[in-house]
Amino acid sequence: MNNHPLKFSLSMRIMHWAMALLIVAMLAAGLSMVGSLDPWQFTLLNLHKSFGIFVFILVLIRLALRLKSRLPELPKALPSWQKLAARSTHSLLYLMMLLMPLSGYLMQYFAGRPINVFDWFYLPASIEVDIQAFAFFRELHGYSALALILLIIIHVAAALHHHFIRKDSVLRSMM
Amino acid sequence: MIFSRFKPFVYLFRQPRHSVGLLSFILLMALFNSTAQAVTARQFVDLQQGDSAFKGYRRAHAKGICIQGAFHSNGNLAEYTFARVFSKGTSEFNGRFSIAGNNPYAPDLKAPVRSLALNFAMSSTQVWRIAMNTPPVMAVTNPTDFYQQLQAIKQGPQAIKSFFKQHPESQDFLNWKSGYTATNSFAEETYHSINAFYLIDQQGQRQAVRWYFKPVSGDTKHQAFEGDNALQQELISRLSAAPVRFDWVFILAQPKDDENNPAKRWPAERKHIVAGQVEINQWQEQLKGACHSINFDPLVLPPGIEPTQDPILRARSAAYAESYHRRAKEALKGAFEEADNE
Ligand code: HEM
Ligand code: HEM
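Sequence lines, in order, name chains A and B. To convert, note that position 39 of the first sequence is 1236 in my numbering; the numbers rise steadily by one, no gaps. To convert, note that position 137 of the second sequence is 221 in my numbering; the numbers rise steadily by one, no gaps.
No lab work stands behind these hints, which were simulated from the structure alone. Even glycine gets a Cβ: it sits at the ideal position worked out from N, Cα and C. Careful, some of the hints might be misleading.
To be verified - 30 angstroms max Cα-Cα, derived BS3-like pairs, lysine-lysine:
1. B:Lys417 with A:Lys1246
2. A:Lys1364 with A:Lys1273
3. B:Lys413 with A:Lys1246
4. B:Lys194 with B:Lys348
5. B:Lys245 with B:Lys172
6. B:Lys348 with B:Lys245
As the list claims (entries may be wrong) - Far from chain B, by Cβ distances over 10 angstroms, these chain A residues were calculated:
7. Ser1208
8. Val1221
9. Phe1239
10. Leu1242
11. Leu1255
12. Ala1261
13. Leu1281
Bound conformation, chain A alone (with noise of 0.2 angstroms):
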């Protein structure tokens, strides 16, 4: 008998897509509101911060379900090196998923700037600046966000080369 399901539960699969969405959104907004001098700079910049607070929350959510419930297998015939690989993307997703809300957080924190959330509550910011602490938390939102955008392709083209090409179940499984 299998004890793995088919399918990832409902509730996992509304959580991956939702959140491809907004993470999608998020690295859009990032990369068009750095450096535009234009009036909706400051407006998107703010629901930037919010929804990536947002983001946060729901990555703990989603870590939290995905340790309670049962996981669809990788199928047998897969090789082991394209296994590894498969957990190891993945692992880094959920890393690269926190590591770019702490960051951003961060970042305003030692930059002495609270963050206001949907216009709804403040995240307190540090008093004193720190500017090398800023500087280093700013690199890492960057880098971060080119390494999200790499490992999001890698992710993409690994789903579509199991439905197309081995035509498997795997990308079915998120369906």
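Place chain B with the ligands on chain A using the hints.
The following block gives chain B with the ligands in isolation, referenced to the frame of chain A:
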């Protein structure tokens, strides 16, 4: 046939190679167009820093001196805003006097603009950053025109003359300029917000305002200084005797006034409210004080104060972020440690 009207399109569908060509052409045009029109923060800060940047320093207003003091609010503004600074009482701040320009060693008295920036860190969730200049208005109304104005200044007197001719909105600025004489002291200048903001009251009503810091005539015959650091030395000498004081005055807009136009002065009869007095009593060299690490981004605002849509105000935030990002990276790489060893 309906198709005949769309013939060119049908043709393109039959000739995929050509449609790819056309598409790339359109994309290229779009790209060219977007870069040609909107100045980016990077371009702006490149222009401000000039050919060789002073590593670790602000790309604008690079030369300055750190200060500390307190604002004594008289409560007169409290009916217009629930911002905590304006309830009756005292709030401490740190800040920075500076001169415009990209050179941290520039001669003080040659700079056309002097500035005062403040940082109120009232609590870990309430911070207000303010950066003010000596002119009461900008010469232009948007960042692209401002970029061209700076280019014209770099090109020389002839270019700037014709720039102003093409920009009649600079009239209020030019009028101010012709009546202004620089003093020998940071403490005797008037500093303006230039951009307008909204005060938000308990009921959520908003009132557009500008503000200025008006020197409280104290020691107007103070000894004048000479040399590259004349303004800083004068300030230090004053502070050793007594605090430097300013009245913090708010100008209330009427509905007719356009709060999104930083080049237009509001009529003189508009209501002015003195919100209290600012008292400055300490200083440090900029690299030894707290002010150097701060980005005085005017869009860091506390609850009770909100930004207008003024395109210049909005543009400042991203430009300051670009300058701050550059100098922060340089500070992380040890820009100042090398300087200290020299
Ligand atoms: C899933 C979460 C997030 C993603 C994917 C993301 C992505 C990005 C990207 C791609 C950039 C542009 C980086 C660059 O040009 O170097 C950026 C910039 C930025 N992000 Fe995020 N971000 C996230 C969360 C946050 C959070 C939580 C905050 C703050 C609370 C934040 C604050 C910022 C700031 C302040 C900038 C720089 C703006 C500037 O320098 O003008 N981000 N982000
Ligand atoms: C589009 C218009 C403007 C641009 C692009 C611009 C750009 C800059 C930049 C890049 C900095 C250095 C920021 C840093 O590294 O911390 C700066 C500083 C400053 N700006 Fe502007 N600025 C503009 C308009 C104004 C206006 C209208 C005012 C006055 C009301 C002003 C007052 C100041 C002051 C006082 C500082 C120095 C703050 C300090 O002491 O750190 N700027 N500006």
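Hint check results:
1. In summary, the hint linking lysine 417 (chain B) to lysine 1246 (chain A) is supported, as the alpha carbons are separated by about 27 angstroms, within the 30 angstroms threshold.
2. The hinted pair formed by lysine 1364 (chain A) and lysine 1273 (chain A) meets the criterion: a straight-line CA distance of about 13 angstroms does not exceed 30 angstroms.
3. Among the hinted pairs, lysine 413 (chain B) with lysine 1246 (chain A) is consistent with the structure: their alpha-carbon atoms are about 22 angstroms apart, no more than 30 angstroms.
4. Between lysine 194 (chain B) and lysine 348 (chain B) the CA atoms are separated by roughly 27 angstroms; this keeps the pair inside 30 angstroms, and the hint holds.
5. For the hint linking lysine 245 (chain B) to lysine 172 (chain B), the alpha-carbon distance of about 47 angstroms lies beyond 30 angstroms, and the restraint is violated.
6. A distance of roughly 19 angstroms separates the Cα atoms of lysine 348 (chain B) and lysine 245 (chain B); the hinted pair therefore holds under the 30 angstroms criterion.
7. Chain B leaves serine 1208 (chain A) outside its interface by the beta-carbon criterion, the shortest separation being 33 angstroms against a cut-off of 10 angstroms.
8. With a cut of 10 angstroms on Cβ distances, valine 1221 (chain A) stays outside the contact zone with chain B, its closest approach being about 21 angstroms.
9. Annotated as non-interface, phenylalanine 1239 (chain A) brings its C-beta within 10 angstroms of a C-beta of chain B; the closest such distance is 5 angstroms.
10. The claim that leucine 1242 (chain A) is not at the interface with chain B is violated, since a C-beta of that chain comes within 10 angstroms of its own (minimum 8 angstroms).
11. The beta carbon of leucine 1255 (chain A) is kept farther than 10 angstroms from every beta carbon of chain B, the shortest such distance being approximately 23 angstroms.
12. Every CB of chain B is more than 10 angstroms from the CB of alanine 1261 (chain A) (nearest about 28 angstroms), matching its label as outside the interface.
13. Separation of leucine 1281 (chain A) from chain B is adequate, the least Cβ-Cβ distance of about 35 angstroms exceeding the 10 angstroms criterion.
Checked against the numbered hints listed earlier, the structure breaks hints 5, 9 and 10; every other hint is satisfied.
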